[in-house]
Amino acid sequence: MTTVSPELDRSFRDAAAREQLLDAAYDLVDTPIGTLLVATTGRGLARISFDPEPDRELELLARTFGVRVLRSAQPIDPARRELDEYFSGRRRAFDLPVDLSLVADFNRLVLRELAQVPYGEVVTYGQLAARADRPRAARAVGTVMNRNPIPIVLPCHRVIGANGKLVGYGGGLPRKEALLRLEGALL
Amino acid sequence: MVTLPPFERFYEHHRDEVFAFLVRRLGRDRAEDAFQETFLRALRAYSSLRHGEHLRAWAFTIAGRIVIDEHRKGRPEGTMPELASEDGRPAFAELEHLADQLPPTERAAVVLRYGYDLDYADIGTALGSNATAARQAASSGIRRLRQKENQ
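Line by line, the protein sequences give chains A and B. Under our numbering, the first sequence has 163 at position 163, and the numbering climbs by one with no breaks. Under our numbering, the second sequence has 38 at position 38, and the numbering climbs by one with no breaks.
Be a bit skeptical, because a hint or two may be false.
[Said to hold, decoys possible] Computed beta-carbon distance windows for the label pairs:
| # | chain 1 | residue 1 | chain 2 | residue 2 | range |
| --- | --- | --- | --- | --- | --- |
| 1 | B | 13 | A | 44 | 22 to 32 Å |
| 2 | A | 96 | B | 140 | 48 to 58 Å |
| 3 | A | 133 | B | 128 | 52 to 62 Å |
| 4 | B | 20 | A | 108 | 40 to 50 Å |
| 5 | A | 112 | B | 143 | 54 to 64 Å |
| 6 | A | 93 | B | 73 | 46 to 56 Å |
Treat the hints as calculated values from the structure; they're not laboratory data. Built from N, CA and C at the ideal position, the CB exists for glycine as well.
Given the sequences, and given the hints that come with them, work out the whole structure.
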């Protein structure tokens with residue numbers, strides 16, 4: 001059986017991205033806290049998933065951004081590089097553009113505020129709500145954190161309960177703890 | 001009605017058989033470029049497909065068209081190439097009884113227009129020409145089919 005060589009396959013996937021024919025490109029990125037599925041659109045980084053199930057992720061990306069979804073390493077390379085630097089302690093802030101164009105207005109507002117929380121610091125859900133001019137919306141902010149499409153880069157791991165407890169994390173509490181430890185926010 | 005799958009799934013399912021077809025028709029060296037061109041054309045037209053049925057036939061329609069273009073490149077002006085029918089034929093199973101005897105451009109245009117409901121701009125893209133040429137090919141294909149029917 002004649003099959004497509006890995007080189008030819010790679011070359012097509014690169015060309016598809018280079019010609020900007022994709023609604024979303026994705027690839028897997030290995031990190032110390034597990035393999036992540038990372039997806040970008042023409043506007044920027046759009047999604048990071050923990051413990052990805054490929055079928056579910058592909059459907060979700062297609063439904064959200066359009067059916068032209070293809071695994072392609074090249075568009076993910078900048079994110080892969082910055083994540084590598086972050087996990088090796090050489091990067092404290094991400095320079096990647098993010099695509100929040102399809103996120104609801106309130107969520108986007110909160111996520112923009114979240115992006116301002118510096119490396120190694122933590123805020124409470126209530127404090128983040130106040131910064132988004134919605135001081136009574138701590139619970140709603142919790143929901144936004146839970147649905148954060150781009151964890152790690154949009155640092156919802158830096159948001160904790162008023163009592164100092166870590167509370168919850170989309171990727172599971174051990175990962176939240178590992179990220180805060182990496183940043184020196186936990187001893 | 002089958003939902004259009006994410007392009008990744010379409011590509012994974014059909015890449016090897018489309019590549020094997022291109023290798024048979026063009027030889028391995030030319031097949032690599034033709035393979036890339038086939039799936040880039042498919043990608044350009046993919047969002048405008050209304051459903052996920054007959055995707056295999058659709059992929060082979062594009063690949064068959066590229067084979068014809070490739071053969072044409074290697075021939076003097078004005079001579080017609082051999083048609084890519086033998087190997088391509090199973091791919092057109094759905095509409096074979098209807099369009100099988102048409103010249104390849106007309107066949108592809110008829111299949112894409114009436115089989116997949118693509119508009120002429122997208123058919124033009126898939127065939128590597130334009131909307132006007134696609135419309136002409138489809139209508140002369142239909143005319144030819146009517147003539148055959150009346151014979």
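Do the hints match the structure? See the list:
1. Distance hint check for residue 13 of chain B and residue 44 of chain A: the Cβ-Cβ separation is about 30 Å, which falls inside the suggested range of 22 to 32 Å.
2. In this structure, residue 96 of chain A and residue 140 of chain B meet the distance hint of 48 to 58 Å, their C-beta atoms being roughly 52 Å apart.
3. For the pair residue 133 of chain A and residue 128 of chain B, the beta carbons lie near 54 Å from each other, so the given range of 52 to 62 Å is met.
4. Take residue 20 of chain B and residue 108 of chain A: their Cβ atoms lie about 47 Å apart, and the range 40 to 50 Å holds.
5. Checked against the hint of 54 to 64 Å, the pair residue 112 of chain A and residue 143 of chain B passes, with Cβ atoms roughly 59 Å apart.
6. One distance hint, 46 to 56 Å for the beta-carbon pair residue 93 of chain A and residue 73 of chain B, holds here, with the actual separation near 52 Å.
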